[in-house]
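Here the protein sequences line up with chains R and B, keeping their order.
Our numbering puts the first residue of the first sequence at 1, with every later residue one more than the last.
Our numbering puts the first residue of the second sequence at 1, with every later residue one more than the last.
Since the hints were derived computationally from the structure, they do not count as laboratory data.
Keep in mind that a hint or two might mislead.
Put simply, identical chains are the same to the list, so a pair is met inside one copy or across any two.
Restricting the straight-line Cα-Cα distance to at most 27 angstroms, the calculated cross-link-like pairs of lysine-lysine (DSS-like) are [what the hints assert, rightly or not]:
(1) 222 - 280
(2) 73 - 308
(3) 291 - 256
(4) 280 - 256
(5) 280 - 308
(6) 291 - 155
(7) 291 - 308
(8) 280 - 236
(9) 155 - 72
Number of protein chains: 2
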Amino acid sequence: MTIIEGVLRGNVRDIARLITIVENELPEATAAMQSIFSHTGTAYTIGFTGPPGAGKSTLVDKITLQLCRQGKKIGIVAIDPSSPFSGGALLGDRIRMRDIITEQEVFIRSVSTRGSMGGLSRAAGDIAKILDAAGKDVVIIETVGVGQDEVDIFKTADTSVLVLMPGAGDDIQSIKAGIMEIADIFVVNKADREGADGLITSIRQMLDLNTAPGPWRPPIIKTSATQNEGIEELLKAVQEHREFLTISGSLAARRKERLRTEIIRLVERRVSRLVQSQIKQNGRFEKLVEKVAAREEDPYSCVERIVKPLEQK
Amino acid sequence: MTIIEGVLRGNVRDIARLITIVENELPEATAAMQSIFSHTGTAYTIGFTGPPGAGKSTLVDKITLQLCRQGKKIGIVAIDPSSPFSGGALLGDRIRMRDIITEQEVFIRSVSTRGSMGGLSRAAGDIAKILDAAGKDVVIIETVGVGQDEVDIFKTADTSVLVLMPGAGDDIQSIKAGIMEIADIFVVNKADREGADGLITSIRQMLDLNTAPGPWRPPIIKTSATQNEGIEELLKAVQEHREFLTISGSLAARRKERLRTEIIRLVERRVSRLVQSQIKQNGRFEKLVEKVAAREEDPYSCVERIVKPLEQK
């Protein structure tokens, strides 16, 4: 299978082709992912997320440039929320970076949220694996937003960086507690703006509220990505976190836990498809729905009736 | 069961108690939901969502006041993103409204996202059913954000209102395409601000891009909730949409479709729990994970091995 060989050699066109196959769930996707799996596990993955407008893309670009100067090969998975409103601001930034760096050094792939609803974290994880197998030293997963999707994607990274900015006001409200709790590093970007110190205090208070803190206290790094300030400090924090994970044995444990979750998710997905296809084949299901709609039966009894035969097996 | 009787009579304390039972998934929750189900189906549900800061809460408050004046009984389910940062701005607004209206007329319940990750749309749907059974004429489901959770919750409403505001810039980027497509009514709130007409043009263009438009063209309503402007127009649009749904037969069809989805979700949830509990009991699963972590096996083959026995049944 030449496309797999190409991916393993780091060929840009083959990487792009395999990602397209996986993203569109083409029939050959599973076999391909099976073939590359044994070549994964060497790349270090860093996740970046935060509310829109916090400056994540610029920050990721600066970090990427810095890592490139150190001779590292980088893969970037950018989750692009592809709203019909947006004219692709993300892409604009990216094109600018492509002027500086060739695709041999940095491979960037945007994943549109359109069409991959619900399966976004799976798609992101698979693309990260492809870039890993292709020999990238660091894979950066960048998401916009702070919802459940982002929590799931965030969990697939070795080091998770939450990027905030001062004065976001209402935006802070929409950050799910879940995402604050799994961040390994906090970044206060646009740190030259008013309110930066207040935001740092808020984060610190939140961290102090943790009644069962782990051995790693997430540092808070001030950056100003457009001014290229704080980039070194952020990379140093990532490196320190990586060393902490490695020395403590958490890196292997985290990765194993991730694989466990991934397998369970894949099983659930398969089982859920199985259930759905059996339900659709079964004319009795439509009759049950009719009865529920007419309030002659309730949904819970209906579910019991469907699940009972499975439980006995 | 006196609590159920109390709910059906519209008793505020019993409603609150039953919601707590359901939200915390206490053992008696399913039996209670079974008992009230036959009393549901009369309330009209309106969903409000949009990016943080668009002014949804104020808008919902004004609409609620207006509906109360018409003698309607209202229930509000407010999905509160309970960030450790937020001091509860939502609650502040709400307390103000409570000065005007008694709980007998308007029952408000906030659902925290904390702890109910993933199960948020289920919790919101169950609370809406309780308020429906308690005799509310209109149930308003208010969410903050534009992620997958919100898409799911949005789908549980009869009429879905997407609230946007001019000048949100980056926020617009983060609105998932999915949520734009299921909105029945667009609201441009804070319409006195600069950029309102531009935003309306963008929405209109987006609607024009739809190559397979349905018989209902979502109207775009300008409001200024704090000035109490546009509230009548918005209520008129909701009423028109309700009449459209009723006359076309879509209301019954939509509600049936929702019940079908709900049953399938409940089945998936039950099956997924079944699979997880069996996996955890099974010592072989941990050995498989070890093998995958050591790259001796790939996750996909591992999944096949787990699912195969189920498929044969």
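Of the numbered hints stated earlier in the document, which are not met by this structure? 1, 2, 8
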